[in-house]
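In order, the protein sequences belong to chains E and U. 208 is the number that our numbering gives to position 202 of the first sequence; each next residue is one higher, with no gaps. 38 is the number that our numbering gives to position 29 of the second sequence; each next residue is one higher, with no gaps.
Incorrect hints may have been included.
As the list claims (entries may be wrong) - When the alpha-carbon atoms are kept at most 25 angstroms apart in a straight line, the in silico DMTMM-like pairs for lysine to aspartate or glutamate are as follows:
id, chain 1, residue 1, chain 2, residue 2
1, U, Lys-88, E, Asp-163
2, U, Lys-69, U, Glu-19
3, U, Lys-69, U, Asp-105
4, U, Lys-69, E, Asp-87
5, U, Lys-62, E, Asp-178
6, U, Lys-69, E, Glu-175
7, U, Lys-35, E, Asp-165
8, U, Lys-88, E, Glu-155
9, U, Lys-134, E, Glu-155
10, U, Lys-134, E, Asp-163
11, U, Lys-69, U, Asp-30
12, U, Lys-69, E, Asp-178
13, U, Lys-35, U, Asp-85
14, U, Lys-62, E, Asp-163
15, U, Lys-88, E, Asp-165
16, U, Lys-88, E, Asp-178
17, U, Lys-62, E, Asp-165
18, U, Lys-69, U, Glu-40
19, U, Lys-88, U, Asp-105
20, U, Lys-215, U, Asp-183
21, U, Lys-62, E, Glu-175
22, U, Lys-215, U, Asp-15
23, U, Lys-62, E, Asp-87
24, U, Lys-88, E, Glu-175
25, U, Lys-69, E, Asp-165
26, U, Lys-35, U, Glu-19
Said to hold, decoys possible - What the simulated footprint calls covered on chain E by chain U, stretch by stretch (three residues with Cβ under 8 angstroms from a Cβ of chain U suffice, anywhere in the stretch; the number is not a length):
id, region
27, 139-146
28, 163-177
29, 180-188
I should point out that these hints are in silico values taken from the structure, not numbers from a laboratory. We put the beta carbon where it would ideally sit given N, CA and C, even for glycine.
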Amino acid sequence: MDLRWFLVMGGAALALSSMSPIVAARRLGFFASALPHSALLAVSLGYVLSRVLGLDPFACSLLLSLPISYTFTFLLHRGVDAEIATSVFVAFTSSSSVAAMYLVLTRFPAEASLWSYILGDPLLVSWSEALTILLLAALLTAAAVLVYEVEVMIGLDADFARVSGVRVELRDYLLTTMLTLASVGMLRVVGFVVQHVAILLPAAIGTRVARNARQLMLVSVTLSFLAGILSVALASVVDMPPSAVYGLLLMAAYVLSLLR
Amino acid sequence: MHVHRDIVLEGRNLVFAYGADEVILKGDSFEFRGPGLVTVLGPNGSGKTTFFKVLLGLLKPQEGRVLVNGVDVTGDPVKAGRFMSYVPQLSSLRRDIPVTPLEVVEAALRSRGLHGRARRGAAVKLLEEVGVSEVMSRTLGELSGGQLQRVLIARALARDTDILLLDEPLSGVDPRGREGLLELVREIAQRKLIVMTTHDPVQALKRSDYFVVFNRGIVAQGSPYDIYKLDILRKAYGTVLEIEKCLHVL
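Isolated chain U, as found in the complex (with noise of 0.2 angstroms):
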């Protein structure tokens, strides 16, 4: 049974940069708290898939360290995987070899020491439960966006994980399927600490708990009340009219 604790994911002084000129990470640190729902907010090309990569140990910081409820996890993946798992963006999945959603969550389960009937019926349970059982033996070529964000959040849910990092998770998925996703995402956020990406600050702002403005580097940090100020997001965006509508619905 799945023991409901607080969750604490930090970053201390982090220095992240592929060269000279491309720094993704400035000496940034936080603290995120869960149960519930961190979303981290930034344009597109703004560095947020690397700040996932370096929380998950498969990026060394050039300076600074990531801990799980105090555990020092830097640059160590298999270490950061004991805690964490995640949900990578739509298109650096491959979808060109038949393999079906049983599959994939059936070989995320191996970590869990699972074998035979126990672990199929462990995969099924795991997508009965994301809501996609009914195309669990099609291949992941067959589905739709939605399908496979779901199929991809029961694969990392099957890793048991008390922390879940989602990078753009509606991204690639129809306006009814993002707001089924959300609320899967919430109903996990419940039990788990959440950090998802998305480059849209409208469809995370009324479910999430705490935001992170990101753009090379963190931005500002806090409450919709806090982050959801024009200036504020005119710092990470540039542009005003998708963050006009953001205040709108505040």
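For reference, chain E alone in the conformation it holds in the complex (with noise of 0.2 angstroms):
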């Protein structure tokens, strides 16, 4: 065991399950489930730009998922409805992940390892990228938590937010920025398969036991850590990817929750 394993898995769960929340209030299921498609061709794209120019493969693909991810806000603002906006993402990003992958596999294959974007995979991560991936994961944690207020009400009602003086719009773009961030940011950690479950499912436990809205971000984010924080412990020993323990954990206390 090595701590650097917990400190990354539980960091990814932080993040990803403090987002969750603000998902749910801005029902942004759809875009949350369509994000890690994007996140994987943004560290497709971002692994060849990085061997191209020299450039650090993670920042490249933090980059290039933004304005990726801002083409779906500018559609929904353009008044297009937030299913075929999010067939339309979906289309696009995972016909071109596809396209993106086979570069990597067939141009740099001795030096890329997709499958740990695929699967996740926090044991091996090296100090530095456990660094990065802290530092991202406590900054996205800590602006959750400052702009959820907010969120929920424009959540509850946007037109009131808008009268109330919320920028709603710029609001959208700073979420989607959160998101996208969280998405690429722990897709190494969460791997592509598993990450919606991360952001969708702490909040749907949440909404079944909280009595109020601080405790559904409360009862979101502790849930979810200690699932992170479980997995890896559990993984050696049923020889599993912490990833898949994650989820099954998580999807336990959701069964759980529906016993209340």
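With the hints in hand, could you dock these two chains into one complex?
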């Protein structure tokens, strides 16, 4: 057991689960479940770009991912229905990510391990990567807690928020930025397959047990953090990837919440 | 301390349409003076909510201007929001996330720069003022229609604006609750200008100072005696049954 594994898994769980109640309040579930496609595209393209230009692949991925996600927000602001905008977004990002992954696998086969991004692999993260992930996770969690109240206010009634002086359209872009950075930044840890579970399930559990919005955030973050830590401890025992154990633990928590 | 003074909400030659076929305002003008209660009467689907959205700056009219005390707020919700607050129709409010009345009012108090204990105290006071402090820790999904309307009125009051727009506040409320709610609205109208929509001409009759009959534009406006006439109401509603009830009450 390495402290690093617990730190990155706990950090990723915190970052993603702190977005979860906001996603639920703003009804962005469709977008959140489509984000891993975009993250995989950004990581693949970022890898290619970093090899060609000699830049840091993580930074390249983060920078590339933002314009892709802003396209979705732009479509919504243009009046496109959320489900249609999501379909267009998924169509573009999933097709492009397959093309980008093919490029990586055929041109840089020995250097790149896309499997760690698909399945998630906190055990292979180096200390420098771990520190970057932790810093990003801390920033995103703090940002989520700070914007939470206003995001719930917008989610309840966007028009009231507008006349109260909230710049809802700007907030949409801020939220898109946060979600995208969380998705790309934590992809290596939780993986493409399980990531949307990490964003969607904590709030699904929270809405069943919480009695107010503050509790919703607290329940989401606490449960997800515990599941993250526990998943690393249990992964070697059950011989499964930590992200799979993490997802199953959250699912078990949801089933338990149904008994209430 | 709130200073009582005259409030004027004015619309000048307002034109708004969603497309060529769906015209909601046809160059309409009006001047609502407060404090007092203005009721906008009109059948369901007549465009009353759109009319409110134009007043609030959420929709920009193709022509014309909206002014509050002479200040142009047309198409600018932030500017309009300095003078106006509003209560939406219950159907447009989400109740599927666990949020309490206390949190709803506290969030609205942010715009006044209140924080911490001062903010919580102000929120509790507002909920007491509208008569729902006993349910302030329940979730919105657990409240009755009448309680929810009162919470939304407290939220609107939290912004301390001179004008409140209430969109169908009596819908989804039981008859006893309606009476109490109208009393509360009347009480607030002593210090603010309230513009309220309703599709039911009978409910609003006894308590309003000024009426606007609305159906895809302003059909008529004035005092109850100017408005509650068979030809005017028939023009807006088309049917006679409800109208005859109104005239009887009058």
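Checked hints:
1. As the CA atoms of U/Lys-88 and E/Asp-163 are separated by approximately 18 angstroms, the hinted pair is consistent with the 25 angstroms bound.
2. Straight-line distance between C-alpha atoms of U/Lys-69 and U/Glu-19 comes to about 15 angstroms, which keeps the hinted pair within the 25 angstroms bound.
3. Under the criterion of a C-alpha separation no larger than 25 angstroms, the hint pairing U/Lys-69 with U/Asp-105 is inconsistent with the structure, at around 31 angstroms.
4. A hinted pair counts as satisfied when its Cα atoms are at most 25 angstroms apart, and U/Lys-69 with E/Asp-87 qualifies at roughly 21 angstroms.
5. Proposed proximity of U/Lys-62 and E/Asp-178 is supported: the alpha carbons are some 21 angstroms apart, at most 25 angstroms.
6. Our distance criterion of 25 angstroms between C-alpha atoms is met by U/Lys-69 and E/Glu-175, whose separation comes to about 16 angstroms.
7. Distance restraint check for U/Lys-35 and E/Asp-165: the Cα-Cα separation of roughly 24 angstroms lies within the 25 angstroms cut-off, and the hinted pair is therefore satisfied.
8. For a cut-off of 25 angstroms, the pair hint linking U/Lys-88 to E/Glu-155 stands: about 22 angstroms separates their Cα positions.
9. Taken as a hint, the U/Lys-134 and E/Glu-155 pair is honoured in the structure, with Cα atoms around 20 angstroms apart against an allowance of 25 angstroms.
10. Restraint check: the Cα-Cα separation between U/Lys-134 and E/Asp-163 comes to about 22 angstroms, which is no more than 25 angstroms; the hinted pair holds.
11. At roughly 18 angstroms between alpha-carbon atoms, U/Lys-69 and U/Asp-30 fall within 25 angstroms of each other, so this suggested pair holds.
12. The hinted pair formed by U/Lys-69 and E/Asp-178 meets the criterion: a straight-line CA distance of about 21 angstroms does not exceed 25 angstroms.
13. Of the supplied pair hints, the one linking U/Lys-35 and U/Asp-85 holds, its CA atoms being roughly 20 angstroms apart against a limit of 25 angstroms.
14. Only pairs whose Cα atoms come within 25 angstroms are accepted, and U/Lys-62 paired with E/Asp-163 is accepted, the gap being roughly 13 angstroms.
15. In summary, the hint linking U/Lys-88 to E/Asp-165 is supported, as the alpha carbons are separated by about 14 angstroms, within the 25 angstroms threshold.
16. For the proposed pair U/Lys-88 and E/Asp-178, the alpha carbon gap of about 20 angstroms is at most 25 angstroms, so the pair holds.
17. Of the supplied pair hints, the one linking U/Lys-62 and E/Asp-165 holds, its CA atoms being roughly 9 angstroms apart against a limit of 25 angstroms.
18. For a cut-off of 25 angstroms, the pair hint linking U/Lys-69 to U/Glu-40 stands: about 19 angstroms separates their Cα positions.
19. A C-alpha spacing of about 31 angstroms is found between U/Lys-88 and U/Asp-105, which places the hinted pair above 25 angstroms, so the restraint is violated.
20. Between U/Lys-215 and U/Asp-183 the CA atoms are separated by roughly 18 angstroms; this keeps the pair inside 25 angstroms, and the hint holds.
21. Distance hint between U/Lys-62 and E/Glu-175 is fulfilled; the C-alpha atoms sit about 17 angstroms from each other, no more than 25 angstroms.
22. Using a Cα cut-off of 25 angstroms, the hinted pair U/Lys-215 and U/Asp-15 holds, with the two alpha carbons roughly 23 angstroms apart.
23. Between U/Lys-62 and E/Asp-87 the alpha-carbon distance is near 21 angstroms, which keeps this suggested pair within the 25 angstroms criterion.
24. Among the hinted pairs, U/Lys-88 with E/Glu-175 is consistent with the structure: their alpha-carbon atoms are about 16 angstroms apart, no more than 25 angstroms.
25. Only pairs whose Cα atoms come within 25 angstroms are accepted, and U/Lys-69 paired with E/Asp-165 is accepted, the gap being roughly 14 angstroms.
26. Of the supplied pair hints, the one linking U/Lys-35 and U/Glu-19 holds, its CA atoms being roughly 15 angstroms apart against a limit of 25 angstroms.
27. With a threshold of 8 angstroms between beta carbons, the proposed coverage of the region 139-146 of chain E by chain U is violated, since 0 of its residues qualify and at least three are required.
28. Residue count for the region 163-177 of chain E with a Cβ under 8 angstroms from a Cβ of chain U: 8. That meets the three needed, and the coverage hint holds.
29. Figure legend: the region 180-188 of chain E, annotated as covered by chain U; annotation inconsistent (0 residues with Cβ-Cβ distances under 8 angstroms, at least 3 required).
The structure does not agree with the numbered hints 3, 19, 27, 29 stated previously, though it agrees with the rest.
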